[in-house]
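Participant: Below, each chain spelled out in residue letters.
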Amino acid sequence: MTLTASRPLVRAAGAARTGRRRAGWPLAALLAVLSLLTVSPFVAMVVVALSPAGRPTVPGSWPESLTFDNVARVLSSSGFAGWTVNSLVYSLVSVVVILLTASMAGYAFAKKRFPGREAMFWTFLATMMVPFQATLIPTFVLVNDLGGVDTFWGLIVPTLANSQAVFLMRQFILGLPDELFDAAKVDGASELRVYWTIVVPLTRPILATLGVFVFLWHWNDFLWPLVIGQSDTTRTLTVGLTTLRTEEMQLSVLMASATVSVVPCLVVFFLLQRYLVNSIAMTGLK
Amino acid sequence: MRQRLRDPVTGLLFVLPMLVLFLIFRIFPTLGAAGMSLTNWNIGGEWSFVGADNYARLLDDVNFWTSLRVTLVYAAVYVPLTVVVALGTALLLNQVVFLRGLFRGMLFLPYVTSFVLAGIIWRWIYEYSGLINGLLAKADLGPVPFLEQSALVLPALAVVSVWKGFGYSMLILLAGLKSIPGSYLEAATVDGASSWQRFRRITLPLLKPTLFFVLVIETISAFQTFDTIYVMTGGGPARATYTLIYGIYDHGFRSFDFGYAATWGMVLFAIVLVVSLVQRRFLDRGNT
Numbered sequence: 001m002t003l004t005a006s007r008p009l010v011r012a013a014g015a016a017r018t019g020r021r022r023a024g025w026p027l028a029a030l031l032a033v034l035s036l037l038t039v040s041p042f043v044a045m046v047v048v049a050l051s052p053a054g055r056p057t058v059p060g061s062w063p064e065s066l067t068f069d070n071v072a073r074v075l076s077s078s079g080f081a082g083w084t085v086n087s088l089v090y091s092l093v094s095v096v097v098i099l100l101t102a103s104m105a106g107y108a109f110a111k112k113r114f115p116g117r118e119a120m121f122w123t124f125l126a127t128m129m130v131p132f133q134a135t136l137i138p139t140f141v142l143v144n145d146l147g148g149v150d151t152f153w154g155l156i157v158p159t160l161a162n163s164q165a166v167f168l169m170r171q172f173i174l175g176l177p178d179e180l181f182d183a184a185k186v187d188g189a190s191e192l193r194v195y196w197t198i199v200v201p202l203t204r205p206i207l208a209t210l211g212v213f214v215f216l217w218h219w220n221d222f223l224w225p226l227v228i229g230q231s232d233t234t235r236t237l238t239v240g241l242t243t244l245r246t247e248e249m250q251l252s253v254l255m256a257s258a259t260v261s262v263v264p265c266l267v268v269f270f271l272l273q274r275y276l277v278n279s280i281a282m283t284g285l286k
Numbered sequence: 287m288r289q290r291l292r293d294p295v296t297g298l299l300f301v302l303p304m305l306v307l308f309l310i311f312r313i314f315p316t317l318g319a320a321g322m323s324l325t326n327w328n329i330g331g332e333w334s335f336v337g338a339d340n341y342a343r344l345l346d347d348v349n350f351w352t353s354l355r356v357t358l359v360y361a362a363v364y365v366p367l368t369v370v371v372a373l374g375t376a377l378l379l380n381q382v383v384f385l386r387g388l389f390r391g392m393l394f395l396p397y398v399t400s401f402v403l404a405g406i407i408w409r410w411i412y413e414y415s416g417l418i419n420g421l422l423a424k425a426d427l428g429p430v431p432f433l434e435q436s437a438l439v440l441p442a443l444a445v446v447s448v449w450k451g452f453g454y455s456m457l458i459l460l461a462g463l464k465s466i467p468g469s470y471l472e473a474a475t476v477d478g479a480s481s482w483q484r485f486r487r488i489t490l491p492l493l494k495p496t497l498f499f500v501l502v503i504e505t506i507s508a509f510q511t512f513d514t515i516y517v518m519t520g521g522g523p524a525r526a527t528y529t530l531i532y533g534i535y536d537h538g539f540r541s542f543d544f545g546y547a548a549t550w551g552m553v554l555f556a557i558v559l560v561v562s563l564v565q566r567r568f569l570d571r572g573n574t
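Same order as they appear, the protein sequences are chains A and B. The numbering of the first sequence is this note's numbering, which starts it at 1 and goes up by one. The numbering of the second sequence is this note's numbering, which starts it at 287 and goes up by one.
Source of the hints: derived by calculation from the structure; they are not laboratory data. Note that the structure is predicted; figures quoted are calculated from it, not measured. Built from N, CA and C at the ideal position, the CB exists for glycine as well. There could be a bad hint or two in this list.
[As the list claims (entries may be wrong)] Lysine-lysine pairs mimicking DSS-like chemistry, simulated, CA-CA at most 30 Å apart: (1) A:Lys185 x A:Lys111; (2) B:Lys494 x A:Lys286; (3) A:Lys286 x B:Lys464.
[What the hints assert, rightly or not] Which bits of chain A does chain B cover? Going by a derived footprint, with three or more residues having C-beta under 8 Å, they are: (4) 26-35; (5) 111-122; (6) 222-234; (7) 250-257.
Take the sequences, apply the hints, and build the full model.
Facilitator: Next comes the structure, spelled out in structure tokens:
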């Protein structure tokens, strides 16, 4: 009795499954087309970058030959090299300092009791609602008064106050068992030792995620470096790229610059894609 | 016992570096923005208190109203477009097994690059002598003045931002789709529900909180668009892309009229705050 009753069910489910599989091919084709469309601007950029300079190419047509001359020219130009170094300094120093200060603050907010803890934490959170652009002018005036315009500290330090990072670290450390910290203290470990030998190693996965995001945020950042980096000494790559105008420069050289500038992002992307994809869903970092 | 007593100090010491950074570079400028909007602060650092003059000037400023309209129209084009593209690609990725990882990576790729790069590539794509018009010319069509015509330029810019950013919302929505129990959909299939009915009656209602989150995030980022405008149009043609943020930049760093620029910043702050509060309201209602 039960057997006969369940049979149509099994068949229906089976039909649904094969139906789904058959319907899958047009959907897969659509997905393939959309994916190719999405990467096509990059492909076009690379093709133009590899086209011989100085010869007017018809847009949308394949060049007769490919050359690395433009890329070589970009790599050997001092302006470009300088911007790249500045971007690296801006991004890497920010990663190190934010990871350090945010994990320390996150640890204290999660596991320490001290006066004003809740008020402080909520103030940190509330600043997330204030868009940076709304405070751009007073921040600039402040840094200007402190003599920070066109200096590295003026570029980097104001971007280190990152509430997202503190929040993420606190949430992660909240999930670590208290016994770990108590046991270390009973064994006589100093506070700094507890931080360095327990908090840091145990938060390594979330530190790595945060590090990747902080790197991308800073490497791709534009408005703050634009107003602070007023000469080539502190100008970052994104700002430098906008000073290159097609009128003064061949399109192929501009696209070669753009191509070279995106390499670090691509390295991060290809090495950590799966990781990045999972952590966005998990943490909501943007 | 001694450990407990020492805790307040160590806790504070651990927070201290970040706290100092916050007080100086987040809290102080936030309060400063409000204060500055009540002054005529200029490049020389001289200022006097002018009360609500800047706000009165704002209400009389034709450019401000244009800019508010431009910002809202841009958001009205960008937000639905990006949510639809993100939802569509997320649904496809959830359905298709074939080369899923590769396709997901390709769709997500623009997200890791910068808006400046997106602006540089797409400026060339849209130009008279650019890619699209080159292709159109081969078919004896065009040219289309994407960046030169007021009616076309905002949608054209919105497309660039959608291209650059939809990967993020796509991943968030994909995670939301994956959390819908497969048994619900199977049960509906067994009951003879069509794929549209399954989407409309099961997937969409269960995806609502995620969709709402994406909607808010994308609305806020629509109001913060600056880089592509700076690179591609410079606020033009005829102020057709002169958004609020562009106004802040323009008054602050072209006219060095800091007090008035801060006033524009306060408007941006108010808008983002309202969006955030609406989000909180809805999320709270969803929880009860």
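Participant: Can you tell me if the region 26-35 of chain A counts as covered by chain B, using C-beta to C-beta distances under 8 Å and a minimum of three residues?
Facilitator: holds (count 7)
Participant: Three residues or more, CB to CB closer than 8 Å: is that satisfied between the region 111-122 of chain A and chain B?
Facilitator: As far as the region 111-122 of chain A goes, the hint holds, because 6 residues have Cβ atoms under 8 Å from chain B.
Participant: Would you check the hint for Lys185 of chain A and Lys111 of chain A, treating anything up to 30 Å between C-alpha atoms as holding?
Facilitator: holds, 13 Å
Participant: How about the region 250-257 of chain A: do at least three of its residues have a C-beta closer than 8 Å to a C-beta of chain B?
Facilitator: holds (count 3)
Participant: Given the hint that Lys494 of chain B pairs with Lys286 of chain A, does the C-alpha gap stay at or below 30 Å?
Facilitator: holds, 20 Å
Participant: Below or equal to 30 Å on CA atoms is what counts here, so check Lys286 of chain A against Lys464 of chain B.
Facilitator: Holds. Lys286 of chain A to Lys464 of chain B sits at ~20 Å (cutoff 30 Å).
Participant: Tell me if chain B covers the region 222-234 of chain A under the three-residue, 8 Å CB rule, please?
Facilitator: n = 4 at 8 Å, threshold three: holds.
Going through the hint list in order, the structure satisfies each hint without exception.
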